[in-house]
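Visitor: Listed below, chain by chain, are the residues.
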Amino acid sequence: MSSPNSRLPALAALALGLVAAATALVFFFAPLDADQGLSQKIFYFHVPIALTAYACFGWGAWKALLHLWKREPSADLESYVAIHQGVIFGALTLLTGSIWARASWGVWWTWSSNQLVLFLVLFLFYCAYFMLRFSVDPGPQRANFSAVYALFGVALIPVSFLAIRLASDFIHPTVFTSAGPQMSGNMFFTFCVCLAAMLSLAATLNAVELSGKRLDARLRELREALA
Amino acid sequence: MSSGEKYVAAAYLVVFVGVLAYVLIIATKLARLEREVGELAELARRRKAESLG
Amino acid sequence: MSYTRDVGALARKDFLLELRARDTLPAMLIFVIATLVVFHFALPAGSSDLASNGLLWVAILFTALLGLGRSFVPEREGGVLDGLVLAPCDRSAIWLAKSLAVLAFLGLVELVALPAFAIFFSGIDGTTIAAVVLADLGICAVGTFLAAMASAGRARELLLPLLFLPLAIPIVVGGVGASVVTNGGRYLAFLALYDAVFAIICWASFEYVVTE
Amino acid sequence: MIRARQVEKRFGEKRVLRGLDFELSRGGFLLVTGANGSGKTTLLRLCAGLALPTAGELDVDTSREHVGFLGHEPLVYRELTALENLELYGRLYRVPERRERIGMLLERFGLWDARSDRVASYSRGMTQRLALCRALLHEPTLLVLDEPFTALDADAAELLDRELAERRDRATFVVATHDPARIEPLASARLALAA
Chain A
1 MSSPNSRLPA LAALALGLVA AATALVFFFA PLDADQGLSQ KIFYFHVPIA LTAYACFGWG
61 AWKALLHLWK REPSADLESY VAIHQGVIFG ALTLLTGSIW ARASWGVWWT WSSNQLVLFL
121 VLFLFYCAYF MLRFSVDPGP QRANFSAVYA LFGVALIPVS FLAIRLASDF IHPTVFTSAG
181 PQMSGNMFFT FCVCLAAMLS LAATLNAVEL SGKRLDARLR ELREALA
Chain B
228 MSSGEKYVAA AYLVVFVGVL AYVLIIATKL ARLEREVGEL AELARRRKAE SLG
Chain C
281 MSYTRDVGAL ARKDFLLELR ARDTLPAMLI FVIATLVVFH FALPAGSSDL ASNGLLWVAI
341 LFTALLGLGR SFVPEREGGV LDGLVLAPCD RSAIWLAKSL AVLAFLGLVE LVALPAFAIF
401 FSGIDGTTIA AVVLADLGIC AVGTFLAAMA SAGRARELLL PLLFLPLAIP IVVGGVGASV
461 VTNGGRYLAF LALYDAVFAI ICWASFEYVV TE
Chain D
493 MIRARQVEKR FGEKRVLRGL DFELSRGGFL LVTGANGSGK TTLLRLCAGL ALPTAGELDV
553 DTSREHVGFL GHEPLVYREL TALENLELYG RLYRVPERRE RIGMLLERFG LWDARSDRVA
613 SYSRGMTQRL ALCRALLHEP TLLVLDEPFT ALDADAAELL DRELAERRDR ATFVVATHDP
673 ARIEPLASAR LALAA
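Chains as they are written, first to last, in the working numbering: chain A, 1 to 227; chain B, 228 to 280; chain C, 281 to 492; chain D, 493 to 687.
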């Protein structure tokens, strides 16, 4: 709680640089996909955003574990903010995924894209996380409930993934490959830069929100001290 | 614009708008914090004046 | 084993409560039959048996939800949960006993519901019954855990379905898969995996739900 | 037995207890007084182990099975009978000679005749007496009692007086009350909480 957040500007600068570089690479460097043409470029940020959302959920669960295990006082807030971030990126995944589905298959939603369906399930799950969190009064109970539910989340991700893979056998037998054909080296490089850009963007937003929350807490302390 | 271009632009727009919405939320929060700090500064100033006077 | 004795004492109390109040079991029974009747009218004539098989799982899920929503009501009145938490037994015994009680109620309801389904719609094979048993384990383990959390919140009745349904989607996938695919072995394996994973998580973390 | 150093308890933004210091030796009797909302109940829940302090240290030198807690709520199932409730707790606490002990307690607190009635049909005083039975069932060595005289009539209150006096040298007590006169003679330490 005490360390001055000096890394935040550096992180923001990194995110800025990477996002700019990623955008430039996507449009001026990466070769046009032979099959899908221009709309394949959605892939360069749709997939990194999805992976970033997973990273946020994972990070939130890790902090939740630290809360339950080591009783770190700041872990509850950090876990909550990370999951909040994950939900924002999850919503973006759904939206960009929907647009991609429209561009490549001509429909706004397809149950045959396992990634999209998985995200819908996770999105619902983490929306319930917020309902749970805000139906309990602030305090240790709220922190515990949130942490336990966040841990359920990381168990649900692989289990749901498996479930949706299994379900595609009887729900929708035709399988599209959503990653498209093999990526060339240039495409892969662009993809990696995009992923780094999204991760750093998420880390920056995460840090901004956390420092805002800490500021809130300190203001409250100050108010109490002055009152 | 071809339809491919349109969809790429739309997807970019969605992400951009998402980030901007985030900025908006942070901005309202910042405004609130600024107001609260102002109130506290005022309180501290009055406190100081009282203790002097 | 003192752990099993604790679980036994706690589960016995839940059966006593149900015998005394008799509100959960009859409600679940009537609900599940009513749901099946509604499904008959929801399915247009000529719908395949596969569709009704899917609906069976919806009926089971929502009936379980009905029972789960009631499961921690007696503890809430009179603050009994504090008393149980203070007792020297392992806290996970509270969860396990409650899960067993809910499982028993759900099992009893299904003893009526599955034959009723077979009469109203289509026959049920052994794989489906195995899937129902495995799914019940998962539903009761996870559902009881979430019901304990939901009952401590402000929006109790509202909260439980929201918490539970996303977690129940894999159960539905496994259950429907087992009942509609000819060789459903891997769906049963998947249900067993689900039960194991979530039962362990619930067992290990229930302590944090009832203590600070 | 209990040592508190700079104990603080807050629920979110609300601070309930702040900078609390006290010590209670084995066999002591701590009388906690204070107005409504001064944090008596919170302090007792901390002592019983139902809650943890947000900051500071609170050492309670005993294990869970030796704590007897009487809270605001009776901690018994309303739809079960007195006997069934005590049976359950007796099993969980592994009380030796459970039946005899339960019978003796019910007899002493005047609930024997109502032992097979649902708690929901009890008056508030009877419920409070049952709650006392529950708290004393396992012969606790640390008794944490929150307003034990609530809803008791004159006879029952006198009974409780005797019960407390009799256990005074066998157990350590933490008792919260807004009416300290009644148990003042038993107290070895006092803690007044400010609102």
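Derived by calculation from the structure, the hints in this document are not laboratory data.
Treat the hints with care, since some could be wrong.
Said to hold, decoys possible - So, partial list: chain C residues that the calculated Cβ filter (under 8 Å) puts toward chain A:
#1 Ala322
#2 Gly326
#3 Arg434
#4 Tyr467
#5 Leu468
#6 Phe478
#7 Glu492
Stated by the list, open to error - As a list, the in silico DSSO-like pairs of lysine-lysine whose alpha-carbon atoms are at most 30 Å apart:
#8 D:Lys506 <-> A:Lys213
#9 A:Lys213 <-> B:Lys275
#10 D:Lys506 <-> B:Lys275
#11 A:Lys70 <-> D:Lys506
#12 A:Lys70 <-> A:Lys213
#13 B:Lys256 <-> A:Lys213
#14 D:Lys506 <-> B:Lys256
Said to hold, decoys possible - Chain A stretches covered by chain B per the calculated footprint, using a threshold of three residues with CB under 8 Å from any CB of chain B:
#15 69-81
#16 124-130
#17 213-224
We treat Cβ as the ideally placed atom computed from N, Cα and C, and that holds for glycine.
Visitor: Please go over all the hints and tell whether each is borne out by the structure.
Guide: Consistency of the hints with the structure:
1. Because the closest C-beta pair between Ala322 (chain C) and chain A is about 19 Å apart, greater than 8 Å, the hint is violated.
2. For Gly326 (chain C), the interface hint is violated, since its Cβ never comes within 8 Å of a Cβ in chain A; the closest pair sits about 20 Å apart.
3. For Arg434 (chain C), the interface hint holds, since its Cβ comes within 8 Å of a Cβ in chain A; the closest pair sits about 5 Å apart.
4. Using the Cβ-Cβ criterion of 8 Å, the hint placing Tyr467 (chain C) at the interface with chain A is satisfied: the shortest such distance is roughly 7 Å.
5. Annotation: Leu468 (chain C) was flagged as interfacial toward chain A, and the flag is violated, the nearest CB pair being 11 Å apart, outside 8 Å.
6. With its C-beta approaching chain A no nearer than about 7 Å, Phe478 (chain C) sits inside the 8 Å limit, and its interface hint holds.
7. Proximity of Glu492 (chain C) to chain A holds as hinted, the smallest CB-CB distance being about 4 Å (cut-off 8 Å).
8. With a CA separation close to 17 Å, the supplied pair Lys506 (chain D) and Lys213 (chain A) stays within the 30 Å bound.
9. For the proposed pair Lys213 (chain A) and Lys275 (chain B), the alpha carbon gap of about 28 Å is at most 30 Å, so the pair holds.
10. Restraint check for Lys506 (chain D) and Lys275 (chain B): the C-alpha separation of about 27 Å stays at or below 30 Å, so the hint holds.
11. As the CA atoms of Lys70 (chain A) and Lys506 (chain D) are separated by approximately 24 Å, the hinted pair is consistent with the 30 Å bound.
12. For the hint linking Lys70 (chain A) to Lys213 (chain A), the alpha-carbon distance of about 22 Å falls within 30 Å, and the restraint holds.
13. About 10 Å separates the Cα atoms of Lys256 (chain B) and Lys213 (chain A), which keeps this hinted pair within 30 Å; it holds.
14. The hinted pair formed by Lys506 (chain D) and Lys256 (chain B) meets the criterion: a straight-line CA distance of about 22 Å does not exceed 30 Å.
15. A stretch counts as covered by a chain when three or more of its residues have a beta carbon under 8 Å from one of that chain; for the stretch 69-81 of chain A and chain B the count is 0, and the coverage is violated.
16. Requiring three or more residues with a Cβ within less than 8 Å of a Cβ of chain B, the coverage given for the stretch 124-130 of chain A is violated, as only 0 such residues are present.
17. Counting residues of the stretch 213-224 of chain A whose beta-carbon sits less than 8 Å from any beta-carbon of chain B gives 5, enough to reach three: the coverage restraint holds.
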